[in-house]
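Chains as they are written, first to last, in UniProt numbering: chain P, 1 to 318; chain D, 1 to 1155.
Where hints are given, some of them may not hold.
[Stated by the list, open to error] Below are the BS3-like pairs computed for lysine-lysine, each with C-alpha atoms no more than 25 Å apart in a straight line:
1. P:219 x D:441
2. D:1031 x D:996
3. D:1135 x P:219
4. D:50 x D:109
5. D:996 x P:246
[As the list claims (entries may be wrong)] Some chain D residues near chain P, calculated using beta-carbon distances under 7 Å:
6. 530
7. 777
8. 778
9. 901
10. 927
11. 931
12. 935
13. 995
14. 998
15. 1000
16. 1013
17. 1014
Think of the hints as simulated: they come from the structure by calculation, not from any bench. A quick note: this is a predicted structure, and the numbers were derived from the prediction, not measured. Ideal placement from N, C-alpha and C gives every residue a C-beta, glycine not left out.
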Amino acid sequence: MEGVSYQRFPRIKIREVKGDYMKFELRDTDASIANALRRVMIAEVPTIAIDLVEIEVNSSVLNDEFISHRLGLIPLTSERAMSMRFSRDCDACDGDGQCEYCSVEFYLRVKCLSDQTLDVTSKDLLSSDHTVVPVDYSDASSGFDNSTNKGIIIVKLRRGQELRLRAIARKGIAKDHAKWSPAATVTFMYEPDIYINEDMMETLTLEEKRELVDSSPTKVFGIDPENKVIVVDPEAYTYDDEVLKKCEAMGKPGLIEIHAKEDSFIFTVETTGAVKASQLVLNAIEVLKQKLDAVRLSDDTVEADDQFGELGAHMRGG
Amino acid sequence: MGMGDDSTMSNPTNDLNHGIDKQYLASPIKNLVDKYQLVPEFLKVRGLVKQHLDSFNYFVKTEIKKIVQANKEIRSILDPNIYLKYNDVHIGEPSIMVDGVTEKLNPQKCRLCDITYAAPIYVDIEYTTGSHGQISVQTKKNVTIGRMPVMLRSCCCVLYGKDEEELAKLGECPLDPGGYFVIKGTEKVILIQEQLSKNRIIIDTDKKGCVQASVTSSTEKTKSKTIVKMEKEKVYLELNMFKTKVPIMIVMKAMGMESDQEVVQMIGRDPRFSALLLPSIEECADLKVYTQHQALEFLESDKMLKMSSYSAGPVEKGARALSILRDIFLANVPVHQHNFRKKCIYVAVMMRRMMEAILNKDAMDDKDYVGNKRLELSGQLLSLLFEDLFKTMNDEARKIVDALLARPSRSSRLDISPLIAKDSITVGMERTLSTGNWDVKRFRMHRKGMTQVVARLSYIGSLGHMTKISPQFEKSRKVSGPRALQPSQWGMLCPCDTPEGEACGLVKNLALMTHVTTDEDEHPIMSLCYCLGVEDLEQLSAEELHMPSSYLIILNGLILGKHRSPQRFANAMRKLRRAGKIGEFISIFVNEKQRSVYIASDGGRVCRPLVIADKGVSRIKEQHMKELRDGVRNFDSFLRDGLIEYLDVNEENNSLIALYEKEATPETTHIEIEPFTILGVCAGLIPYPHHNQSPRNTYQCAMGKQAMGNIAYNQLSRMDTLIYLLVYPQRPLLTTRTIELVGYDKLGAGQNATVAVMSYSGYDIEDAIVMNKSSLDRGFGRCIVMKKYSATCLKYENNTSDRIIKPQRQGYEAERMQILDEDGLASPGEIIRPHDIYINKESPTVTRTPVSSPMSLPDSAYKPSRQTYKGPDGETPVVDRVALHSDKNNNLCIKFMIRHTRRPEIGDKFSSRHGQKGVCGTIVQQEDFPFSERGICPDLIMNPHGFPSRMTVGKMIELLGSKAGVSCGRFHYGSAFGEPSGHADTVDTISETLVKHGFSYNGKDFIYSGITGMPLQAYIFMGPIYYQKLKHMVLDKMHARGSGPRVMITRQPTEGRSRNGGLRVGEMERDCLIAYGASMLIYERLMISSDPFEVQVCRKCGLLGYYNYKLKTGICSMCKNGENISTMKLPYACKLLIQELQSMNIVPRLKLAEA
């Protein structure tokens, strides 16, 4: 199609990847794309979570719904989730949600026989599928004794109390329920562009410089050995305007200028452990693409034009 | 008393222990001691509801013995040799008799089994058996005369002195304060009753504006009200034994005070007083009454004396008037051997006080002044009740004995002892406590609503219920005085906690450290007073009474005498009190205005502990606090060593109390322990209440009682009719000292929600809040509602009984019986739907007439009487528990707890701790919620318009403090007035903490929109605030109806949600429609959708006819034909009205015209 192409080629630069934590830069794109990525990561990347609980025996202090709710919120390793079927459109079991393609079975059988309180944790959940298990938070790299780390506590039992149940985990997305959210924290910030007017800065005494540096609640500025004010960590800046106010108060407006770069974002992604942070980003991009495809599929139809108007034409243009 | 003796007392010990410089300690230094530790110590020793417990304990230990002692003999009138004597009385352990076996009780068992938690009243008796000469005296010990309901945690209760583990074994919550009764399974608390004090002279004005002095006398024997008033410049006495008011001089003469001069002297020789009295003296002279004899005759004349039961037989002239004056007139002043002098002086003092008030309006008493009030507690009320029941029982016993003796032929030996072992006391006590109606005829007492079911909605609610004080006045009076906040309430009654609306300001609550006194024997105090130089009234001449240098000494409203140096006397008394020689709750109050010293030892006075200061220096030193921390000391030892004392409202007027030690001046006599103790338990939950607009705190006090949370540690084993629980309750991030003291941190009722103060989506107007769906998914605001359903298996007269049978597993009923177990009862854990049967019960068809074999009736002799669950659709409740027990008639009782877990939905009510309630306006997906660059996403959004008009600055500080709390990992404090003493974190330190953790000092964050990803234009005030979920939920309230049930007689739709009723188009709505002219709409609403009815009307006579279905015509029964019949529609209610009028002989005729 004729017309100007607005296509941009966003770049991602990974700064840090650490299992369930990741920090990256997203450049050359708009807030809309960045936000779409964030929203998809929070709400639309599928994971597996316990969705149906059949309680056989429950003589614990917590009632059935309570335990079911707690079970649902336990993160399960969900690398398989992308390839799994939603139980609502599973052919193998007619949406019954009990077949191997769309569900994973868990068993929990605990009884307290000693006088000591027994903690029932996520480690007591026995999975029918070794790829889908409760997330193990014990950090192998840390030198601590991992036997003390017992997973997520579901309920505590005293002598004679028993809990026996069958649970079925299914694929789902966090739009339906937050238990399917793979994301613990997904957030981004605009990269700040900090400009220090060096000439003006020279007019300040060292004392004033110190004051200026300390006026920021986060450690953004510092003083180098040559007594120059430098930017130590621009990303520590929280857009609190404190430094700018300080400059204003010192009677030197324009001493420091800070702008948000409109097209570069610093993402922080932290997952629940259901998927790796890097995988979460990839999955999110995948889901985002699928969503766009769903829109694009109807591009040839006339309704698309009615539906999207100019946007439809734009999309067809790529 | 003073600094000197204190230092000499403490110094030697110090030298021995620590070797501290003597000089240094002796010098009056002002070191600031943190006295806060005394508050938990106080509560540990006295508990939260100590006033109830003390009162009940006093009743059980002392009062009941007094009552029995006073009525210790039942002696036959016919044969005085036959008698029964009570030697001793005591209360046993709580127990119940089941089939002749005594079974021990504990409160939880009583709650679950619907029985009364009561203990037997044992008496030791001495009595005679036989009669007519062959009388032998016998003694019996531990005879049960009835069962006394036992207050939980009192000295009779099994929970007394038990530790946490033992309580847990008994199924009791260790945090439960006790102070209530368990009557037939329901917990009942006797509300504290507020009254005007008895036996005190109160000067006020009557309706006409006349100044009067009134005394409400109350002794063991009689209760009366005496009024001396100045009307038309003359002084009169009003007493309800006399028909009209009596000139006071006649009363004085009747009491033997024949000399007018002496009366004038008694009142005082001030010419102004004499002038005021002159008209009264003249009136008396006009009536020609000069001597005692004449006066008594005058009083006994028909126009004065009411004809009452007093006229029993002809008695000596004047004796009746004299006995009224002796026994009823000012009954609290005793008369010994016809010596009326004390009474004369009392009347003179009353007149003098009244005249002072006439001359100087300031001398008028304030009825609302807390010092003039007495709080009546459960012990006093129970003792009244017990006395009445005990006397009634004794009278009955005597009557029966006399009746037996009067009978000419007696067969068996006469034995009185079984006559007292009846259950009239048990039944009377139980009935009174469960209905709350105190009908004690003997004391002319008819009070309603004295007991209430303990509010178990929230822990704080039930605590607050124990401290509630209900007023005695009628609520409708339109005076503001009793409702206003009294300065004398300071520290005694909570200034915040009062309901809104009708009972505003009348219903009050006790403050945290308040103690209510119990009666104390006044005889030792009396003799002590005489030892300390009080000149006895008997020895004083009238002239000496009001000598300018001397003060009257008044003990509990009784004039003891006078003292020439009152201040020295008062100081001596106080010193004795601090040394523990007399009771710690005795108050000594020097009233300079009235020139008298009031000593009070009566019960029902409110008082509170204060630190004693000598010349402005606190007696409590750091060493004492250290000893307290080391556990060497406790609150009582502080009291014993004279470091702390209790002051009542009156004595507070003699002291200068400094708020803090640093503010003390040399005149200061006392120092407050902690300023936040002026608030009660409910107001104590509010963080920074001193930064809020005052009504907001009052609102929170009302709302805190509706908040859901944990009720008690035993909440899951309780069988209350309705329980609301929170799934994940939390303790507030911003706590107060009171919260820790009362245990709210252990049984919280709310959650710490991250709140962003901003506008969002428009669904947040009018205080609505926007909630984050993910937070709700994760359990925020999730609650459990449990309801009790019960069923009883009855036994009938003919020995048949209900039976519970196996459920049918096949057939058309089977579906409704799915949840039943094989025993015919719903099994726990099953989901119960509307119309499900939860007990498969059958009743015999014949229950009255005897049947041959009641235990083995054929199946045909039973009819089903199943109970079905009727809950709202759209709820999935679960059977939580099933409990079986036998009730007092030995019937099988079955209780079902039905549980439902709810997540918050639109319309549910939430509130912060600052009287800021709001409903959930909308629920928004997390990705649409705003977020900060740290990834923080609020749980709820509150509209900033909630702040300017409400001025709840405390809420803002709570947000800041909680935010600092989560960042640094330390619970922050916000106790009332706590900044100077370090019990509340200041905004400055909070801001520092915030900055240290990378937040802005003002609590505002840089926020991105979750929808666009763009930064918001403003910084958003965001942080955690403790939010309460209130019991009002839409699920319980929402209601709509298409068609549904109708009322039988009017055929109009029923009213109310519970009956699936219609929504009424009321008269105002109707008026609007009329004004608008929407006639068809009115017709539809008022007729078609309500009660349309077709009637046959006779055009000729205008009466209603009927439709004959055989002839297929309408017929007028008046005209006996169907010629002029028209059919028309009218509301059934109209037809009903016409017919009802006809039944009253009014003939409404309808005149029909062509439309």
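Each hint, compared with the structure:
Distance hint between residue 219 of chain P and residue 441 of chain D is unfulfilled; the C-alpha atoms sit about 81 Å from each other, more than 25 Å. Between residue 1031 of chain D and residue 996 of chain D the alpha-carbon distance is near 39 Å, which puts this suggested pair outside the 25 Å criterion. Proposed proximity of residue 1135 of chain D and residue 219 of chain P is contradicted: the alpha carbons are some 86 Å apart, above 25 Å. A C-alpha spacing of about 24 Å is found between residue 50 of chain D and residue 109 of chain D, which places the hinted pair at or below 25 Å, so the restraint holds.
For a cut-off of 25 Å, the pair hint linking residue 996 of chain D to residue 246 of chain P stands: about 18 Å separates their Cα positions. A cut of 7 Å between beta carbons decides the hint on residue 530 of chain D: the least distance to chain P is about 65 Å, and the hint is violated. With a cut of 7 Å, the hint placing residue 777 of chain D at the interface with chain P holds, because the nearest CB-to-CB distance is about 4 Å. Given hint, residue 778 of chain D at the interface with chain P, holds; its Cβ is 6 Å from that chain's nearest Cβ, closer than 7 Å.
Restraint check, residue 901 of chain D versus chain P: the minimum CB separation of about 4 Å is within 7 Å; hint holds. Using the Cβ-Cβ criterion of 7 Å, the hint placing residue 927 of chain D at the interface with chain P is satisfied: the shortest such distance is roughly 4 Å. Annotation: interface hint on residue 931 of chain D holds; nearest CB of chain P at approximately 6 Å, less than 7 Å. Look at residue 935 of chain D: its Cβ gets to within about 3 Å of chain P, closer than 7 Å, so that hint holds up.
Because the closest C-beta pair between residue 995 of chain D and chain P is about 5 Å apart, less than 7 Å, the hint holds. With its C-beta approaching chain P no nearer than about 5 Å, residue 998 of chain D sits inside the 7 Å limit, and its interface hint holds. Because the beta carbon of residue 1000 of chain D sits about 5 Å from the nearest beta carbon in chain P, less than 7 Å, this interface hint is met. Because the smallest distance between the Cβ of residue 1013 of chain D and any Cβ of chain P comes to about 3 Å, under 7 Å, the interface hint for this residue holds.
The criterion of a C-beta within 7 Å of any C-beta in chain P is met by residue 1014 of chain D, whose closest approach is roughly 5 Å, and the hint holds.
Hints 1, 2, 3, 6, counting from the list given before, are not met by this structure.
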